[in-house]
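Peer 1: Top to bottom, those sequences are chains A and B.
Numbering follows my numbering, in which position 66 of the first sequence is assigned residue number 66; successive positions increment by one, without gaps.
Numbering follows my numbering, in which position 78 of the second sequence is assigned residue number 78; successive positions increment by one, without gaps.
What the hints contain is simulated information worked out from the structure, not anything from laboratory work.
Some hints could be false.
What the hints assert, rightly or not - With a cut-off of at most 30 Å between alpha-carbon atoms, the simulated DSSO-like pairs for lysine-lysine come out as follows:
(1) Lys107/B to Lys9/A
(2) Lys110/B to Lys49/B
(3) Lys69/B to Lys58/B
(4) Lys9/A to Lys69/B
To be verified - Here are some, though not all, of the chain B residues that point toward chain A, as calculated from beta-carbon distances under 10 Å:
(5) Asp8
(6) Pro12
(7) Leu51
(8) Phe90
(9) Ala92
(10) Leu103
(11) Val104
(12) Lys107
(13) Lys110
Beta carbons: idealized from backbone N, C-alpha and C, even for Gly.
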Amino acid sequence: DSGVTQTPKHLITATGQRVTLRCSPRSGDLSVYWYQQSLDQGLQFLIQYYNGEERAKGNILERFSAQQFPDLHSELNLSSLELGDSALYFCASSVATGSAQYFGPGTRLTVL
Amino acid sequence: AQSVTQLDSQVPVFEEAPVELRCNYSSSVSVYLFWYVQYPNQGLQLLLKYLSGSTLVKGINGFEAEFNKSQTSFHLRKPSVHISDTAEYFCAVSGIRGGSEKLVFGKGTKLTVNP
Numbered sequence: 001d002s003g004v005t006q007t008p009k010h011l012i013t014a015t016g017q018r019v020t021l022r023c024s025p026r027s028g029d030l031s032v033y034w035y036q037q038s039l040d041q042g043l044q045f046l047i048q049y050y051n052g053e054e055r056a057k058g059n060i061l062e063r064f065s066a067q068q069f070p071d072l073h074s075e076l077n078l079s080s081l082e083l084g085d086s087a088l089y090f091c092a093s094s095v096a097t098g099s100a101q102y103f104g105p106g107t108r109l110t111v112l
Numbered sequence: 001a002q003s004v005t006q007l008d009s010q011v012p013v014f015e016e017a018p019v020e021l022r023c024n025y026s027s028s029v030s031v032y033l034f035w036y037v038q039y040p041n042q043g044l045q046l047l048l049k050y051l052s053g054s055t056l057v058k059g060i061n062g063f064e065a066e067f068n069k070s071q072t073s074f075h076l077r078k079p080s081v082h083i084s085d086t087a088e089y090f091c092a093v094s095g096i097r098g099g100s101e102k103l104v105f106g107k108g109t110k111l112t113v114n115p
């Protein structure tokens, strides 16, 4: 158990819908990262927050957004969902620069 | 920008045999290096990391890796594998600079340990 929690574990929804994925980092970790894992793209970095502020953006679509709240948990919002958004979404956290990232169990999103 | 190449997509081995999973990276800046393992239907578990210091890094479950700066490699090794080591292994790199330490992953190597 990494100490990073993600909910829900599975999510099945329809095209055009909007969903919210939630992540709680390890106690004391200020950075939260979101990654997408799909068969064709592999593991791709989406976005990073550090202590409530956006730190870096990767291959994140405009239909996707995220935020980190004062209690340091983070939410990833996916809207206008398409079939191709079906993937595993991972959250990771780290304590500081130069430290390892610890991953949550992931949320498996299926868009029908 | 960084990139990672895992040279083998699948590696089959017999139980108690040694194994090496190869990883090469490309970066214009100094890097941190990591190996993660993913068991079926699970998240990513950190196996080991190279941040600085000794180039030979020991991790969990008897794995070790060696950082070779001149060859830009970070190969993962285990002297004797078990059936329970069957999983997918990912090499990852992050650039050392102030701010984001996003991970760039390789495409993964599926290790299958046969009895």
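Peer 1: Regarding the hint that Leu103/B lies at the interface with chain A, is the smallest CB-CB distance below 10 Å?
Peer 2: holds, 6 Å
Peer 1: Given a cut of 10 Å on the nearest C-beta pair, is the interface hint for Leu51/B held or broken against chain A?
Peer 2: With a closest approach of 6 Å, the Leu51/B hint holds.
Peer 1: Is the Cα-Cα distance between Lys107/B and Lys9/A 30 Å or less?
Peer 2: holds, 23 Å
Peer 1: Holds or violated: Lys9/A and Lys69/B, Cα atoms, limit 30 Å.
Peer 2: Since the Cα atoms of Lys9/A and Lys69/B sit roughly 39 Å apart, the hinted pair is violated (cutoff 30 Å).
Peer 1: Does the nearest C-beta of chain A fall within a distance shorter than 10 Å of the C-beta of Phe90/B?
Peer 2: Holds - the Cβ of Phe90/B comes within 10 Å of chain A, reaching about 7 Å at its closest.
Peer 1: Run the distance test for Lys69/B versus Lys58/B: straight-line Cα separation, threshold 30 Å.
Peer 2: Holds. Lys69/B to Lys58/B sits at ~17 Å (cutoff 30 Å).
Peer 1: Once the shortest beta carbon distance from Pro12/B to chain A is found, is it less than 10 Å?
Peer 2: violated, 21 Å
Peer 1: With a cut-off of 10 Å on the beta carbons, see whether Lys107/B makes it to chain A.
Peer 2: Holds - the Cβ of Lys107/B comes within 10 Å of chain A, reaching about 5 Å at its closest.
Peer 1: Holds or violated: Lys110/B as interface residue toward chain A, Cβ cutoff 10 Å?
Peer 2: violated, 13 Å
Peer 1: Classify the hint on Ala92/B as holds or violated, based on whether any CB of chain A lies nearer than 10 Å to its CB.
Peer 2: Result: holds, 8 Å to nearest chain A Cβ.
Peer 1: Given Val104/B as an interface hint, is its Cβ closer than 10 Å to any Cβ of chain A?
Peer 2: holds, 7 Å
Peer 1: For the hint on Asp8/B, just tell me whether its beta-carbon gets within less than 10 Å of chain A.
Peer 2: violated, 15 Å
Of the numbered hints given earlier, the model fails hints 4, 5, 6 and 13; all others are met.
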